[in-house]
Amino acid sequence: MDVKIHHIEQLLAALARKTNRPQDTKGFEEISDMIDDVAISGRYLYKYLFLRAKEARKTNVRVLSYKPPKLDKLAGFLIPGITFLEWCDRVDRPLDNELVSCTGNYYCYVRRNAEEGTLMRSPVQIFERDNGVHFKLRGPRWTYEGAALLKNGCLFILMHASGGKEIHHVYKLGKREKPQVLQGVFSGVSTVFEPIAGRTVLIRTEEDFTKLKNLELDIAGMKRSQDKEQRRLAEYFMAYKDNNLKINPVTTFTLDDLGKVK
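According to the UniProt record's numbering, the sequence shown holds residues 1 to 262 in order.
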């Protein structure tokens with residue numbers, strides 16, 4: 001596969017920014033360790049990508065030949081689920097105005113997956129990086145981060161945490177720019193390894209991201225608040241069945257797990 005030199009250079013620069021490592025022999029070894037794939041060695045990153053691109057630039061060569069699998073793994077490390085060619089397309093394509101307008105700080109609200117009425121509030125930052133828009137959610141224990149993609153009028157975000165957990169969010173956006181409130185849905189796995197899903201809301205805030213705080217809120221108390229935002233959130237998240245999904249207990253992995261009708 002023919003690859004433009006500037007795509008290799010941008011790929012390595014993006015890896016260096018993501019891992020906060022320099023583009024030298026030691027830095028590439030450490031990046032290789034973080035990628036944690038035997039096919040991606042520090043030698044491959046330094047010799048076959050960095051040095052080849054550097055020498056090609058000196059001799060005015062604009063295209064080099066590479067096999068796709070390793071480049072796909074590097075692109076997937078930067079943005080899970082995409083190939084190298086898709087990553088190059090993202091780098092070369094201007095970002096949608098609607099997507100860029102979403103950048104800023106927010107509070108994310110999710111109803112705890114339990115009958116008791118507790119609302120979980122988490123700081124969120126949406127920001128531009130490497131010609132893309134990224135979504136960062138700071139939970140009580142883990143910080144989740146992933147690329148934000150605009151498709152069919154919705155924001156799609158698959159977030160990963162360093163502990164291995166993943167969360168998927170989808171928000172309705174349409175053609176609206178700089179939204180103040182976004183409604184969406186989430187899916188993930190609970191602390192007891194059960195699939196869960198439900199509704200989520202983002203509310204924009206002008207506060208600095210570093211000053212935003214995680215908080216557990218009592219929905220009944222919010223309903224009595226003098227603050228309109230609190231009352232509206234309480235109204236939206238009041239009913240457990242409207243906001244949370246979970247599966248039946250799994251014991252047999254047969255039809256018996258679905259119900260009792262004969």
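Keep in mind that a hint or two might mislead.
Stated by the list, open to error - In the SDA-like style, the derived pairs of lysine to any residue whose C-alpha atoms are separated by at most 25 Å in a straight line are:
hint, residue 1, residue 2
1, Lys175, Asn97
2, Lys246, Lys211
3, Lys211, Arg231
4, Lys54, Ser65
To be verified - Quick list of simulated restraints, FRET-style, between CB atoms:
hint, residue 1, residue 2, range
5, His168, Glu235, 45 to 53 Å
6, Thr143, Lys260, 39 to 47 Å
7, Val185, Asn214, 55 to 63 Å
No wet-lab data here; the hints were simulated from the structure.
Every residue, glycine too, gets a C-beta built ideally from N, C-alpha and C.
Any of the earlier hints contradicted here, and which numbers? Violated hints (numbers, rising): 2, 5 and 7; every other hint is consistent with the structure.
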